[in-house]
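**Student:** Listed here are the chains, written in short residue letters.
2 protein chains.
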Amino acid sequence: MTSLAPVLDALDAGLDASIARLADLVRIPSISTDPAYAAECRRAAEWLVADLKTIGFAASVRDTPGHPMVVAHHDGPAGSPHVLFYGHYDVQPVDPLELWHDDPFDMKVKEVAPGHKVLTGRGTADDKGQLMTFVEACRAYKQAHGALPCRVTILFEGEEESGSPSLKPFLEANAKELKADFALVCDTGMWDRDTPAISTALRGLVGEEVIIRAADRDLHSGEFGGAAANPVRVLAKVLAAVHDDDGRITIPDFYDGVEETPSQILKQWEGLGLTAEEFLGEVGLSVPAGEKGRSVLELVWARPTAEFNGISGGYTGKGFKTVIAAEAFAKVSFRLVHKQDPAKIREAFRAFVRERIPADCTVEFQPHGGSPAIQLSYDSPFLSKAKEALSDEWPKPAVMIAMGGSIPIVGDFQNLLGMESLLVGYGLSDDRIHSPNEKYELSSFHKGQRSWARILAALSR
Amino acid sequence: MTSLAPVLDALDAGLDASIARLADLVRIPSISTDPAYAAECRRAAEWLVADLKTIGFAASVRDTPGHPMVVAHHDGPAGSPHVLFYGHYDVQPVDPLELWHDDPFDMKVKEVAPGHKVLTGRGTADDKGQLMTFVEACRAYKQAHGALPCRVTILFEGEEESGSPSLKPFLEANAKELKADFALVCDTGMWDRDTPAISTALRGLVGEEVIIRAADRDLHSGEFGGAAANPVRVLAKVLAAVHDDDGRITIPDFYDGVEETPSQILKQWEGLGLTAEEFLGEVGLSVPAGEKGRSVLELVWARPTAEFNGISGGYTGKGFKTVIAAEAFAKVSFRLVHKQDPAKIREAFRAFVRERIPADCTVEFQPHGGSPAIQLSYDSPFLSKAKEALSDEWPKPAVMIAMGGSIPIVGDFQNLLGMESLLVGYGLSDDRIHSPNEKYELSSFHKGQRSWARILAALSR
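Protein sequence lines, in the order shown, are assigned to chains A and B. Heads up: the first sequence is residues 9 to 469, going by the working numbering. Heads up: the second sequence is residues 9 to 469, going by the working numbering.
Hints were generated in silico from the structure; no laboratory data involved. Heads up, a few of these hints could be off.
No distinction is drawn between identical chains; accordingly, a pair holds when it is met within one copy or between any pair of copies.
What the hints assert, rightly or not - Calculated lysine to any residue pairs in the SDA-like style (CA-CA distance at most 20 angstroms, straight line): (1) Lys125 with Thr203; (2) Lys118 with Asp32; (3) Lys326 with Tyr45; (4) Lys176 with Gly327; (5) Lys245 with Glu363; (6) Lys300 with Pro366; (7) Lys326 with Asp103; (8) Lys245 with Arg364; (9) Lys245 with Thr258; (10) Lys395 with Leu12; (11) Lys245 with Ile259; (12) Lys245 with Arg362.
What you are looking at is a predicted structure, and each value in this text was computed from that prediction instead of being measured.
Construct the complete structure from the given sequences, taking the supplied hints into account.
**Tutor:** Written as C-alpha cells, this is what we have:
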C-alpha cells in the first residue's frame, strides 16, 4: 500500500500543467457524428495515446470501421484489483455557433464569480475534462510513487456521441484483453457543487429518424394547396399523437417492462430536496412537461420518454416561400427505463407511425442506436469504498442517484464482459453539455483528479 | 387601326433574338426574399428599363423602401384605350440547388421530345418569361408599324415573391400615373397545352411564421427529457390541431365569408374533364388531401386551405443529437376564397395557437403578407374581346377558369385604382414554378407573344 498524501500534493502542484493538457485536447474538434471531422477524431485518439505513453502506459490507437479506440494498459501490485477505466474523446457538434461566447475549441479559464472558475469549450465536461481527471490521477501516482496502486486498463472510444456503432464488436473481439474486475465510468455528474454522487441507474435510449415523402417535387401551395398531401402536416399529426394530454406516451405496449419505483427510493429522492422550480429554473423553465403526478426527479430518472430532437421540412430560410414540401423528417428518441426492450420499442413506434401515414405518402425509418436501461446492484464492496473515498474529498458526503441519460457502455460491460460499473463523474447539471457554451468547473477538474486518487487508493486497500 | 399580320410575322422572325433577351434576364438572380440578392433585384430592374427604352418607352427605375419598381409609358392613337400591364421581375429562391439538372440562372432551350422545346431556369415561367411575352409583342408592333395600337403603361415589381410590402404605398403614391382603363396581368396559366385560359377568380393569402420557445438554451434530452418542455412537441401539437380528420380547418370562424360555389360553375369545371388522378398524377400523387367530398378543382379554386410551408427545430444535420431544442418554428399560410378577411384569419389563427401554448413556452408571430381573394366580373367587354383573340391563336378556344394562387396586385388594382384586371398567361401546371427545374414552354413564349399582339389589336378595335 502506498501513501495517498504525496499523490494529492502532486495533483495540487501540477494543476496548471493539467489545465494546459486539457486545453490541447479540447483544441481538437473531434465531432464524431459529422463525417467531415473523421480526421480530427483520429487526431484526438493519437493525442491521448501519446500522453498515456508519457505516463508509462502501453497505449495504442486501435482501428475500427468507424472512429478508433484508445486502449492502454498499466500493471499494478500483485494481488491488487484490475480496473477498466472508460471515457470518450468524441464531442457533440457545436451548432448554432453564433450562440457561443467564445471559440468552442479554444478552452479558457474564466472567473465567473470571485473564486469561482470554469473551463469553457466543447467537451470540457462531456467528456474530455472528465476522462483527463483520471489520467491526471494516474500521472500523479506515477510521479509520487513510480507505480499505480492497482492494475489499470484504459478504454477511450470516439463514437459515444454518435451511437457507438463500433463498440460492441470491439468489446467482443477484445473481451479477454479488456475484462477487468470492474469498470470505472466517468461520464456522469455530481449531485450538486458540494455533493459527489454515484449513479446506480441509467435510462436506455432508442434513436429513430422518420422521413415522410409525398409529391415527387416541391409544389406551389397556390397551385396544389388543398389537393396535394403535405408531409409537414402528416409529420405533425404523427408526432402530436405520440403523447396524450397527460404527457403519457400512447404507442401501444410502450410501457411494457416499466416498473413503478419503490416508495422508499422515491422518498430518498424526495429527501434530496430538489423542487421542479429549482431543477427547471436553471434553464429558464418551471413546470414539468412530462407525465402528470410525478416528481421531476422521478420523471428524469425512472420514467421513459419520447422526445423530438429535430424536425425539418419545406422552406426554412429567411422570408417566406409558398411551397408544399416533397418531404419532411424528424429525429425522435426514446429514453427507456427498467426492462423496456429497445428493439420492441423501435418496432412499436414504427408500427404506430405507419398506421398514420395517409394515401400518397410513404415513410422511411433510419435507426440511430439503441440500448436498454441499466440498474446496478446497491451492495457491491467497491461501491461502498468509492462512496467513502468521495465523501473524504468533498464538502458533503456522496449520495446514490440515478441518471436520465444513457451510457450504453455500462450495459455492454455487463452483457459482453460480465463486469459491473462504478459510475462516478464530476459534471454539474448547468454544464450545458450538448449546448452552446459548455463548461466544466475548475473545482470538478481539480477535485475530480484528487477523487480518483482517493478512489484508486480505497479500491486497492 | 393597324394590321396584325406584319406584327405576327415580326414575332416569328424575331423569336431567336427574343429567346436571347430572356436568357439575359434569367441570368440575373433576382431572389427578392433573400436580402443577399438585393443588388441583383436592382440589376434586373435596370435591365428591363434599358430594354424598354430601346422600344421607345419612357421607362425608369423607381425606388421603394424595398426592391425598386419599373414604370414605363408609351402613347397610343387618340381614342384608344389605356392599358396597364403588370408583371414581376423577382424570382423564388432556388434551394435545394442539388436537385436542379442545370444551373437555374443559365437558361437553356431543351428539346424534351421531338418538336417539343422548353426554356429551363428560375423565373422562365414565373414571371420573367411571361412578362417578356408582352414586351416582345410591343417591340414587334413598333417594328411593324412604328406605333402601339393603344396607350400602354407597364409596371414591373420586384417583391411579388416576398409579400409585395412596397406595392400598396407605391400604387397609392402614383395612382394618377398608373390608373388605366384596365390592367393586364400575366402571372397566370393556360388550361392545358392547347387551351388558353382567362382567370376570373383567385385565392387570397395570409402568411404567418410561428416561433415557439421554451428553455433558454438547447438541453440534453437525457438530463432534461421528461421534465422540460419541448418546443418541437408543442409545435407539432399546434399544427396537428389545425385540420380535423376530414381535412376541414378547425380554427374558430375560419370559414366566415366562404361561399358555396354555384352548382352551374361546379358543372362547368366538371366539364373540363380533369380527374384527381390526372391533376395529382403529374407530381406523383393521386388522392386529394383536402376537405373530403369536393372535386380537386373545387379544392384548389374555391376552397380555403391551411398549409405548413416550412418547419424547423432542434438538430437537423447528419447523424443524431439527443437535444431538446430551445425553439422551433413553422411557416404557415392560408389560401382564402370569396369574402374571407385576411386580418381576421390572422387573428383567429394567432388566438388558436396561443390557446395551445403550455406553461413554460412562449410564442412569437411574424406576419408575411396578406391579401383577400378576388372574384372578377364575367360580363366586361374586354373579357370577351380577349377570349376571342386567344381563341384565334391557339388550337382550342379559351376557357374561363379560377386560380389557386394569389395575385395580390389584382386586389390592389381594384381597391386602390378602381381598375379591373384581365388575367391572361401562358404557364402550364407542370412548369415547376417555385421548385427545382422550373421551365417555360417554348410554345408558351412564342404563341404568348403572338397572343398579346392579337389581344392588343382586339382591345383597340
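**Student:** Now tell me if each hint is right for this structure.
**Tutor:** Structure-based check of each hint:
Within a single copy, Lys125 and Thr203 get their C-alpha atoms as close as 18 angstroms, which meets the 20 angstroms cut-off; across copies the closest is 76 angstroms, which misses it. Taking the shortest alpha-carbon separations for Lys118 and Asp32, only the intra-copy value of 17 angstroms comes in at or below 20 angstroms, while the best inter-copy value is 57 angstroms. Only between protomers do Lys326 and Tyr45 lie at most 20 angstroms apart by alpha-carbon distance; the minimum there is 12 angstroms, versus 28 angstroms within a single protomer. Proximity of Lys176 to Gly327 under the C-alpha cut-off of 20 angstroms is restricted to the inter-copy arrangement: shortest distance 19 angstroms between copies versus 46 angstroms within a copy.
Proximity of Lys245 to Glu363 under the C-alpha cut-off of 20 angstroms is found in both arrangements, the shortest distances being 12 angstroms within a copy and 18 angstroms between copies. Proximity of Lys300 to Pro366 under the C-alpha cut-off of 20 angstroms is restricted to the inter-copy arrangement: shortest distance 13 angstroms between copies versus 31 angstroms within a copy. With identical chains, the CA atoms of Lys326 and Asp103 are at most 20 angstroms apart both within one copy (18 angstroms) and between copies (12 angstroms). In the homo-oligomer, the alpha carbons of Lys245 and Arg364 lie at most 20 angstroms apart both inside one protomer (8 angstroms) and across protomers (15 angstroms), since each shortest distance falls under that limit.
Proximity of Lys245 and Thr258 under a CA criterion of 20 angstroms is satisfied in both settings, with 13 angstroms inside one chain copy and 14 angstroms between copies. Taking the shortest alpha-carbon separations for Lys395 and Leu12, only the intra-copy value of 17 angstroms comes in at or below 20 angstroms, while the best inter-copy value is 99 angstroms. For the identical chains of this complex, Lys245 and Ile259 are neighbours both inside a copy (14 angstroms) and across copies (16 angstroms), given an alpha-carbon limit of 20 angstroms. For the identical chains of this complex, Lys245 and Arg362 are neighbours both inside a copy (12 angstroms) and across copies (19 angstroms), given an alpha-carbon limit of 20 angstroms.
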